[in-house]
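In order, the protein sequence lines correspond to chains A and B.
Start counting the first sequence at 8; every next residue gets the next number (our numbering).
Start counting the second sequence at 707; every next residue gets the next number (our numbering).
Hints in this document: simulated from the structure, not taken from any laboratory.
Nothing here was measured: the structure is a model prediction, and the numbers come from that model.
Hints may be right or wrong, so weigh each one.
[What the hints assert, rightly or not] Dumping the calculated DSSO-like pairs for lysine-lysine here, alpha-carbon to alpha-carbon at most 30 Å: (1) B:LYS930 with A:LYS201; (2) A:LYS45 with A:LYS197; (3) B:LYS794 with B:LYS864; (4) B:LYS930 with B:LYS858; (5) B:LYS893 with A:LYS49; (6) B:LYS885 with B:LYS996; (7) A:LYS197 with B:LYS858; (8) A:LYS110 with A:LYS224; (9) A:LYS220 with B:LYS850; (10) B:LYS1001 with A:LYS10.
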Amino acid sequence: MIKNITNLGDAALYCNFGDKVNKEINKKVINFFKNIQKIKIKGITNISPSYNKLIISFDLSETNFQTLKEKILNIKIEDIQNEKSENIKIPICFEEEFALDIKKLSSSFNISENEIIKKFLEKNYYCYMTGFIAGMPFLGDIDEKLRFKRLETPRVKVPMGAVGLTEQFCNIYTFESPGGWNIIGNTPKKVFDKLNLNDAALIKPGDTINFFKISKKEYLNWND
Amino acid sequence: MTKAYFEILRSGINTTYQDIGRNSFYHIGIPFSGAMDKRNLLISNKIVGNKQTSPVIEFALQGPLLRLNNSKVNFVITGDVNFNIIKKNSTIEKGNCYQSYVLEDGDQLDIISTNRSVYGYLSIQGGYKIDSFLNSYSVNTKAKIGPNDGEKFSNNQKIFLNYIKESFHKKKINYINSKIEFIRVIKGTNYDYFSEKAKKIFLSEEFKVSKLSDRMGMRLEGSKLENIVDTNIRSEGLIKGVIQVPADGNPIVMLSDHGTIGGYPKIAVVISADYEKIVQLPPGTKVKFKLIDLKKAENLYKLYSLETQTILNQI
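Okay, chain B solo, but in the shape it has when bound:
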């Protein structure tokens, strides 16, 4: 049988395989990685009937242009994404997120861009012919690990697809990614390294998401945050969501591919319930932080998980 594959006519800015992440290797310098927006990964896999742990294709800002060869596939795109299906006969159908579509042999899928967000997801029923590395399909381009030799996709590559026997899952849900007013944070372990004025600025002023943001971290620009103790700490472990402030006074939010060790003071940590919201803020967006306590953060996460489960149960 001839192999089914997508030919990558345009790779997009940062298109990679991701899944729910790679546990247990921080101690040798390998970060968690995984889909930046896990809820959208779970929804996309569920719509096409894949397992929760199945890999997906994650794209950022501009997505890939793919042509299907030797097969017919069922796919869905999640996030807030503009995309078209270009049929073999050149007719163009505009696609809707959270709805499955069948792509015929020779059709093209043009993932044009994300809207007021960064990350989107493409799930194919049956998945891709790829191998996992250390129990995960997530690509980490820094350590060059995961499928596709640990690299993002490039033009003219092929994505080989698994053959599926069963019939296609036709599914559609109504879901809108909520936009947020505040990102809620908990005090970091070096919160008191910062002057009263800096704390006030951090919790009241707007910060702009810089262009120097990627899967490793998000740099923020705004009024400088004055450190009154020490601009370095002894290097120690990091987790995603930590907001570090180096000597220049501009905060950096650690994201899923972060370096596992860092030596800058931690002013705050983004709560788990808001992580998938902050990662979706594109460069140029303004963000404001709000301080809450641990109990509140735990309760917000319970609500967030419950909401995710409710959405998944509808599918």
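Same shape as in the complex, but just chain A:
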């Protein structure tokens, strides 16, 4: 399952699950992550799943690379089902003021803005990983017709709630942040809510979500 484990510095394991980025490989990464999370191995401080890698960091005063690597390789991996059986639904507003890059995409793809919106809303998305900034989900895969490269010059400030596209992925900016994704809309929903102590990040690796369209009025009156 893990292709190989090397060290990242002196206090982390770098586990490679394969070179490709697809759901099949990512599901293995996330299942492995959940297994390690469940058994609570001494010394592990953080576990970061991403598309095809799992980074396990540890406290060097409690364990070391070799010891932990052997433990990890000997774990009996069970199939852990995702607790959330239903899709997470995310409202999105495509008003002009929020859809910063939709005109550009429309002329590049040579399809109408409505067609972009339709294709975007049609699909269910899978969360490959969460992070960079707190709670930001990396979702995929978007329709092949909507794939576009990153902005040449990233924005200094992408507004909070912005929904962006890049290549086969889309994401949600949970905070105002610098960023280079193509912005097509904005969600009023709190995707990272620090007051929700047990579940601050709404969308976690392995979750599935879909978007539904709301009007400007619904956006302004949105209440989670």
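Since the structure of chain A is provided, determine the placement of chain B on it from the hints.
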């Protein structure tokens, strides 16, 4: 009883609550955070008799000016820091780091600046009236989490203090923060993305710490590091101490508040034993890297931990 508090007359550049860090939330994008220089946090808490896990006030370069109200407190400052105690009657006493002092009602504590270093720590016996978030008192200003609404301190705010019954710990140790010649690193997972010339430059030339450095990362300036494979990788997890090199060829060292995911090649990783040394290098300082292997790094960390323990045992 009237509440004891510090009034912040000047907040300083980047003054925040920190503790030993926030574990286990990388997978939802929350970094480790915590005191940049953990050894100095542990020493400051020990000197005033607080727990290792107690929060402290961390400041960077210029510290805060605080006036005490309705109380008498015992405090210590650690790091390499210039500070004065301004008594109510306007006499000024110059303070020494690693020595506890009693501050009387109406006295001011003026933390002027750090010397040839970045971070310093203020511990108050008994601590602050604050709440933890996800098991830690560390502020992360990016995600706006932790005490003080996840923000750094600003002028005219109040810092409320816990009342303590027990007598004051009067303690003093002699400790000097060692200055370093090299930062030792281990090869990163994309070390071979760089040309032979780039590797040679990285391990022999000096790099200057840029002004664009903060708790998230330290940008370095020097000869450009040429990438011969790809200037991007598939985004993946990061840890503190990772040195990434974006397309412009200038290395960035990931520090305690780093973004949890990154897509730039990793040329090297700072060893755990040297992390607290690199974070203390102020903008404008020159730094050189030295490559060592994993076994050596592990042994150096053992020595470093032992040394920390020896210092703490003296207190």
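Pair hint outcome, LYS45 (chain A) versus LYS197 (chain A) [Cα-Cα no greater than 30 Å]: holds (27 Å)
Pair hint outcome, LYS220 (chain A) versus LYS850 (chain B) [Cα-Cα no greater than 30 Å]: holds (29 Å)
Distance restraint between LYS930 (chain B) and LYS201 (chain A), which requires alpha-carbon spacing of 30 Å or less: The given pair, whose Cα atoms are some 40 Å apart, is violated under the 30 Å limit.
30 Å Cα cutoff - pair LYS110 (chain A), LYS224 (chain A): holds (22 Å)
30 Å limit on alpha-carbon distance, applied to hinted pair LYS885 (chain B) and LYS996 (chain B): holds (16 Å)
Hinted pair LYS197 (chain A) and LYS858 (chain B), Cα distance within 30 Å: holds (23 Å)
LYS893 (chain B) paired with LYS49 (chain A) [C-alpha distance capped at 30 Å]: holds (26 Å)
Hinted pair LYS1001 (chain B) and LYS10 (chain A), Cα distance within 30 Å: holds (23 Å)
30 Å Cα cutoff - pair LYS930 (chain B), LYS858 (chain B): violated (34 Å)
Agreement of LYS794 (chain B) and LYS864 (chain B) with the hint, judged by alpha carbon distance not exceeding 30 Å: holds (19 Å)
In summary, the numbered hints that this structure violates are 1 and 4.
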